[in-house]
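Place chain A on chain F using the hints.
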Amino acid sequence: MQKNSIKTVVAIGIGAALFFVLGRFVAIPSGIPNTNITLQYAILALLAVMYGPVAGGLIGFIGHTLIDLSWGGSPWWSWVIASAFVGVVVGLFANKIKLNEGNFGKKEIITFAIANIVANVIAWVGVAPVLDILIYAEPANKVFAQGATAAAINSIAAVVVGALLCIAYSKTIAKKGSLDKE
Amino acid sequence: MAANTVLNYLPRKSVVHELTGTTKLAFFLLFTFASMITYDTRVLICLMLFSFAVFHLSKIQLREVRFMLVFMLAFLFLNNLFIFLFDPDQGTNLYGTRTVLFHLFWRYDVTAEQLFYMFNISLKYFVALPIAILFISATNPSEFAASLNKIGVSYRIGYAVSIALRYIPDIQRDYHNISQAQQARGVELGKKEKLISRLKNSVSILMPLIMSSLSRIDIISNAMELRGFGKDKKKRTWYVQRPFKRNDWIALAIGVGLLVFSAVVTFWDGNRFFNPFQ
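Line by line, the protein sequences are chains F and A.
At position 82 of the first sequence (counting the first as 1) the number is 79 in our numbering, and the numbers step up by one without a gap.
Each position in the second sequence, counted from 1, maps to that position plus 1 in our numbering.
Next comes chain F alone, as it looks inside the complex:
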């Protein structure tokens, strides 16, 4: 599926629209005051696995930029770049997970979880705060605290919801050799 460039273009567009809608209008209360779980990183993970790192990165980049613009500010570039980074990293693991062939067993779930945790932790505890300090000169412990919260929340959302989505999706695909001769 990755080889078809028209499909990738459309998937980037629709993926960014999904990312936008989920990030902008949907929030699940997490139990901690003023902290909501948003689901856009679960969708980002699924689409990155399906369409690869380029699509994943662009979905994160475009979707996040549109969210920031729609709130009325100029995009907060450090976090936009971090979102794109998540998409790229999860997409790089896509070769190991052949979701489009309907294989999503225990091994793939573990790979998927590792990919998402690695991507989110590096993005929100590494990329975003460091860029915040470089670009916006914000206090280090503030941006790292924000980053750690984001990493925890987004990892949970991506791993739990994302994996459930992948399992449900893989069941809709007929596996290779699933027909038996009687």
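Calculated from the structure, these hints are not laboratory results.
Computed from a predicted structure; not experimentally measured.
Among these hints, one or two may not hold up.
Derived BS3-like pairs: lysine-lysine, alpha-carbon spacing no greater than 30 Å straight-line [said to hold, decoys possible]:
| no. | chain 1 | residue 1 | chain 2 | residue 2 |
| --- | --- | --- | --- | --- |
| 1 | F | K103 | A | K195 |
| 2 | F | K168 | A | K195 |
| 3 | F | K4 | F | K104 |
| 4 | F | K103 | F | K172 |
| 5 | F | K103 | F | K178 |
| 6 | F | K4 | A | K234 |
| 7 | F | K104 | A | K234 |
| 8 | F | K4 | A | K232 |
| 9 | A | K232 | F | K172 |
| 10 | A | K201 | F | K104 |
| 11 | A | K151 | F | K4 |
Just so you have them, the derived chain F footprint on chain A, three or more residues with Cβ under 8 Å [to be verified]:
| no. | segment |
| --- | --- |
| 12 | 12 to 22 |
| 13 | 193 to 204 |
| 14 | 221 to 229 |
| 15 | 237 to 251 |
Cβ coordinates follow ideal geometry from the N, Cα and C atoms, glycine included.
Below, chain A without anything else, positioned relative to chain F:
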């Protein structure tokens, strides 16, 4: 039309609206970078006066963009609060001196340096806000893809952005319908459920949304393939693209000028910060 609900396009007859989308995008990026690299109070004040003047030129009323304004002010307030809570001495770290105005409690002293640092942060918001609002409300969304392509972004990416803008309202409506239907079946995302079952329940809303989006991807990409999208590797023409006029060149020159001005004044003395304390 539908994309207007997302990015709040306000058509008007004004100098700003008549600029081409390409100019506005390029100017927006130049201006954002000009305000991003600098922490020099003098530069920030110049940029702020300039962006207020442009906002006035656009004939957009403040009350039309009240929502964005209120949201950004709330965000600004929270951000300043968190900066102070997490590090009341960031100003001292940056400016090198410590002038205590008065003591609050525990480790929290209010210092002149901290106030000045937070004043600069707030100033940065006020520099960026009018231009960002203008960029959103004075650019026709259908011109956006053409503008991206014109400043050198591959037209495939421009097309992806325009697909995103076009389908956001549709997907929003889909989401709303699916979530209402699932709630009628007893799927609960609110505080009544345990956290883990909230997450599980969200899957039963997301799954239909994804399946419908995947079939949308199939339909759209088939339609585009039938019309020969991507056959020409390099270029593509755009229905809404307009030729550059005199004002476009002037606006671009001003944008480049401001970026150079900001970079020169800021890094001239080798320090991003204007320091009135030494």
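Taking the hints in turn, this is what the structure says about them:
no., hint, in the structure
1, K103(F) to K195(A), "holds, 25 Å"
2, K168(F) to K195(A), "holds, 26 Å"
3, K4(F) to K104(F), "holds, 28 Å"
4, K103(F) to K172(F), "holds, 16 Å"
5, K103(F) to K178(F), "holds, 28 Å"
6, K4(F) to K234(A), "holds, 16 Å"
7, K104(F) to K234(A), "violated, 39 Å"
8, K4(F) to K232(A), "holds, 14 Å"
9, K232(A) to K172(F), "violated, 33 Å"
10, K201(A) to K104(F), "holds, 21 Å"
11, K151(A) to K4(F), "holds, 23 Å"
12, 12 to 22, "violated (count 0)"
13, 193 to 204, "holds (count 7)"
14, 221 to 229, "holds (count 4)"
15, 237 to 251, "violated (count 0)"
Violated hints for the displayed structure, listed by number in ascending order: 7, 9, 12 and 15.
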